[in-house]
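Using the working numbering, the letters of the sequence shown correspond one by one to residues 130 to 500.
In case anyone wonders, no lab produced these hints; they're calculated from the structure. Check the hints yourself; a few may be wrong.
In silico lysine-lysine, DSS-like type, Cα no more than 27 Å apart, as pairs [stated by the list, open to error]:
(1) Lys373 <-> Lys233
(2) Lys434 <-> Lys483
(3) Lys201 <-> Lys233
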Amino acid sequence: MFTSGKSNGVFHFFKGRVALYAILKAMGIGEGDEVILPGFTCIVVPNAIVYLGAKPVYVDINPDTYNIDVSKIEGKITEKTKAIIAQHTFGIPAEMDKILGLAKKYNLYVVEDSCHAMGSRYKAQEAGTFGDAAFFSSQWSKPVTTGLGGWAVVNNAAIKEKLGKIYPEFTNPSPMEVFLLRTQYLLYEKILTPSLFWFAQSLYRKLYESGIIKGSSSPEELSCKMPPDYKRKMSRWQRGLLNKKLANIQELIEHRRQIAKIYEEELEKAGIKTVELPDCYDTVFLRYPLVVKNNKKIIRLAKEKGIEIGDWFVSPVHPLMNPLEWKNSGYNPGECPIAEDICRHIINLPTHAKITQNGARKIVQLIKETE
């Protein structure tokens with residue numbers, strides 16, 4: 130799945146966010162331009178826009194899908210708008226037919242944020258194949274992981290040609306960086322289990338702060354500034370590992386489907402609202418989202434009991450929790466009220482390969498005890 134080289138429109142980068150930056154640059158997006166995106170995303174997405182001198186324009190989300198509310202996009206389009214980023218949040222596909230219709234009407238590019246959505250389909254078509262381009266991530270928490278990593282898939286011939294010309298500007302990671310990443314990956318594969326999730330997360334942050342390991346986001350990125358080593362390609366080791374992982378992608382997809390089904394069955398038995406989507410959505414959940422009464426209490430109990438539960442997204446520009454920081458990314462408090470409200474209540478449940486069926490049932494039991 131999208132592993133072939135740049136002759137087929139695939140370009141590999143050290144991180145998925147760098148793939149987005151490269152796509153936007155190849156589209157000619159720059160100073161004074163505007164790019165529309167959902168106000169329920171990771172800080173690295175608007176960063177890629179800001180680094181090019183362009184302006185992120187946020188649109189609120191549909192509470193049923195956690196994706197951009199397509200009915201609110203047109204009101205944000207101006208003569209400066211150049212592209213729409215369609216994020217497939219948690220693996221739930223965005224309404225691509227309506228987004229593409231707006232893009233055609235206003236002559237805009239469409240970039241799919243497919244970092245959560247490997248294997249998901251909308252109206253029988255695979256996420257990542259609708260727009261002018263798409264970007265994927267193989268960072269720690271994504272559908273397949275190479276520790277860090279990402280790639281761009283370009284469907285527009287003109288953009289593919291331009292990206293091919295600027296691709297040599299991106300450098301290779303140093304041998305030491307690759308060695309450290311391989312070491313981290315080995316520890317991740319051999320040691321990390323759901324019961325050690327919270328301990329590992331705490332240890333990871335301490336080691337990152339001490340400079341011993343490579344973090345997903347640098348301090349510069351959290352301040353919306355470009356790190357000096359931002360523009361890099363994927364290493365040979367990462368590409369080899371990615372190809373190996375993608376060769377078994379159907380097995381991983383089936384496991385995620387089974388775990389998500391258990392969540393839905395057990396939650397529905399308890400009378401807890403689950404994700405409800407029309408039949409045209411074929412979703413492979415990266416994480417299963419759930420809006421609860423008291424997400425902080427659930428997260429606290431999960432830590433106490435050593436049970437893995439996630440808290441994406443803590444804010445419209447995750448992981449920035451202070452509204453004063455949001456403005457660095459071009460987001461103004463109150464701009465996306467639905468997204469902000471959901472951020473105060475949402476948790477997400479893991480579906481990765483290390484989550485067993487019994488483990489999934491234990492997670493639901495904890496939620497039942499607190500709801």
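We went through each hint and held it up to the structure:
no., hint, verdict
1, Lys373 <-> Lys233, "violated, 37 Å"
2, Lys434 <-> Lys483, "holds, 17 Å"
3, Lys201 <-> Lys233, "holds, 16 Å"
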